[in-house]
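Trainee: Listed here are the chains, written in short residue letters.
There are 2 protein chains.
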Amino acid sequence: MTQMNRQILLASRPEGAASVDNFRLVETPLAPLQEGQVRVRNHYLSLDPYMRGRMNESKSYAAPQPLGEVMIGGTVGEVVESRNPKYKAGDKVVAMFGWQEFGTSDGSGMQLVDTTHVPLSAYLGPVGMPGVTAWYGLNRIIAPKAGETVVVSAASGAVGSVVGQLARRAGCRAVGIAGGADKCRYVVETLGFDACVDYKAGNLYQDLKAATPDGVDGYFENVGGEVLDATLARMNAFGRIALCGMIAGYDGNPQPLKYPGLLLTQRLLVQGFIVSEHMDVWPQALKELGALVAQKQLAYRETVAEGLGNAPSAFLGMLKGQNFGKQLVKLV
Amino acid sequence: MTQMNRQILLASRPEGAASVDNFRLVETPLAPLQEGQVRVRNHYLSLDPYMRGRMNESKSYAAPQPLGEVMIGGTVGEVVESRNPKYKAGDKVVAMFGWQEFGTSDGSGMQLVDTTHVPLSAYLGPVGMPGVTAWYGLNRIIAPKAGETVVVSAASGAVGSVVGQLARRAGCRAVGIAGGADKCRYVVETLGFDACVDYKAGNLYQDLKAATPDGVDGYFENVGGEVLDATLARMNAFGRIALCGMIAGYDGNPQPLKYPGLLLTQRLLVQGFIVSEHMDVWPQALKELGALVAQKQLAYRETVAEGLGNAPSAFLGMLKGQNFGKQLVKLV
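Going line by line, the protein sequences match chains A and B. In this text, residue positions in the first sequence follow the numbering used here: the first is 1, and each later residue adds one. In this text, residue positions in the second sequence follow the numbering used here: the first is 1, and each later residue adds one.
If you are wondering where the hints come from, they were derived from the structure by calculation, not from laboratory data. Take the hints with a grain of salt, since some may be wrong.
Each pair may be met inside one copy or between any two copies, as identical chains are not told apart.
What the hints assert, rightly or not - Lysine to aspartate or glutamate pairs mimicking EDC-like chemistry, simulated, CA-CA at most 16 Å apart:
1. 330 / 306
2. 92 / 114
3. 320 / 251
4. 86 / 35
5. 258 / 226
6. 258 / 229
7. 287 / 114
8. 86 / 106
9. 86 / 69
10. 88 / 114
11. 209 / 229
12. 92 / 81
13. 209 / 280
Using the sequences plus the hints, can you model the full thing?
Mentor: Here you go:
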């Protein structure tokens, strides 16, 4: 009997907000492996904000996701069959197989991972793309000095949680911005940030001002919109802004920047970046992040949706901030 | 008989747009020189956009100009009396004596200049602060490579005119943005830019698109507002923006940035700067700029108001773009 592979395709491009109708679940038969090929059962699928940009036709930082093809995405899983000498059944791998249950590869685009001390799913979080994103933006753009204040938005998320913890380790005051009292409590009590501002509490600028008595030297931006406006108004001279994401504007709702003149009067540096364009730092960053997770010195949290069919709704929820920590889909 | 010094003081801070009522002309007697002092008759006063920021109370990149004191500003002039062995009558100097006819100094804050091959007024323009501003933003922030496209706003002005000419010398396509057909003709025909877009012609984005067929790699910003919005939309990936001025928003009219998301999707660098904080580059920049002016390889243009009493109206006109090239006030 031919084994079936369930996949989620991009069915249509969003007009304004994305919806579940933009996705389609299909079942396709798995072809027998050819010489040199490897088959992987995906255990976890990573859901990340950048995917929203790929759904659009328009020019973004990457080619658009083609219609009618499997949605792009990072995955971790286990080799279940191999006709490639470099892999054997039982090997754990991280790859970019996208929103599907099985991945098939000629062995390229896969990385063996060691799950002795680091859980498999962490390779999609603090020891994966989100972790390296945090590491790069903090160390290579913000480049904080001990005693400085570093602010990060979406602070309880996969990237933000790592930014603040690394900033603390660098001797900085780490201040998060997150949505809701629960997330803020987690950011301070579990992640160890010095403070966290709840942007939903309705007093963003004043609360941020109170949490940053010495102003802000480094800002790691994941959100944009009013959160960016408020933080910009707290920046000290010669501050650095690592522009990683602007999720507030992703759903067809571009948010203006109210006072760009502050970039000049405070002589700020702003640098937009995409971590996949800085592959040179990945080995060093992953080594440091893996050691911290293995030694339980880097906390992280996951929101796990069950089953491939729930990936679209989990993804849409993440765009609205309904996740709490790294959003994953568990497939096995 | 005691000699009198005419001075212009900041009388009040603007509410919204600045006006002539914010200034007051006074006559004060010149005290006899003390041992070590030098007296300079100012020949030209420099009027520059940054002065508008100093008129405000609010936090800017420098301390506010105190009320009731002589307006700050660069000057060039001639030593008329000296009790300092380092200076003698007839010496030409550049200094920051502000909006007044005479300056008195203990010898500090003055620089001797050689007017054999470079006209005195040029030390307030291409061989002075505006020239070094252009040099720094272009070479140290934009860092253009041959074949790239560099755009500069306020292209016929004291800074912009130097930016484009230096960009051409670096092998770049230089595109100006200026207000009016006369200025644009000058930018192309006299300054040698490859193209110039008239932002007053009502078709800014389309005209800029036509003038930048390969997109924009470096942008030197003096204006802000809709000019920044339009240029941002033409930026290529990994573009660099030297943020030098945002004159469109200076007069109590902050201009939002419509699509800050482009900073991320195009992975742009933005760096605000003030040239007085980069004194290390001045000697090299002035040497290069002085040689170019002396060899008539760097064109520049001046708008000269006559007499100290006309400084306020000339300054206000400059904020509205009524000057054509470097705005000076001739005092002798």
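Trainee: Each hint needs a verdict: does it hold in this structure or not?
Mentor: To see whether the hints hold, each was checked on the structure:
Taking the closest pair of Cα atoms, residue 330 and residue 306 come within 16 Å of each other only inside a single copy of the chain (5 Å); across copies the shortest separation is 77 Å, beyond that limit. In this assembly of identical chains, the alpha carbons of residue 92 and residue 114 lie at most 16 Å apart only when taken from the same copy (7 Å versus 73 Å across copies). For the identical chains of this complex, residue 320 and residue 251 are intra-copy neighbours only, at 9 Å inside a copy versus 38 Å across copies, given an alpha-carbon limit of 16 Å. With identical chains, the CA atoms of residue 86 and residue 35 are at most 16 Å apart within one copy only, with a shortest distance of 12 Å there and 86 Å across copies.
In this assembly of identical chains, the alpha carbons of residue 258 and residue 226 lie at most 16 Å apart whether taken from the same copy (9 Å) or from different copies (13 Å). Proximity of residue 258 to residue 229 under the C-alpha cut-off of 16 Å is found in both arrangements, the shortest distances being 6 Å within a copy and 13 Å between copies. Taking the shortest alpha-carbon separations for residue 287 and residue 114, only the intra-copy value of 12 Å comes in at or below 16 Å, while the best inter-copy value is 59 Å. In this homomeric assembly, residue 86 and residue 106 come within 16 Å of each other (Cα to Cα) only inside a single copy, at 10 Å, whereas the closest approach across copies is 78 Å.
For the identical chains of this complex, residue 86 and residue 69 are neighbours neither inside a copy (28 Å) nor across copies (78 Å), given an alpha-carbon limit of 16 Å. Taking the shortest alpha-carbon separations for residue 88 and residue 114, only the intra-copy value of 14 Å comes in at or below 16 Å, while the best inter-copy value is 78 Å. Proximity of residue 209 and residue 229 under a CA criterion of 16 Å is satisfied intra-copy only: 13 Å inside one chain copy versus 29 Å between copies. For the identical chains of this complex, residue 92 and residue 81 are intra-copy neighbours only, at 12 Å inside a copy versus 85 Å across copies, given an alpha-carbon limit of 16 Å.
In this homomeric assembly, residue 209 and residue 280 never come within 16 Å of each other (Cα to Cα): the closest approach is 37 Å inside a single copy and 35 Å across copies.
The structure shown violates the earlier hints numbered 9 and 13.
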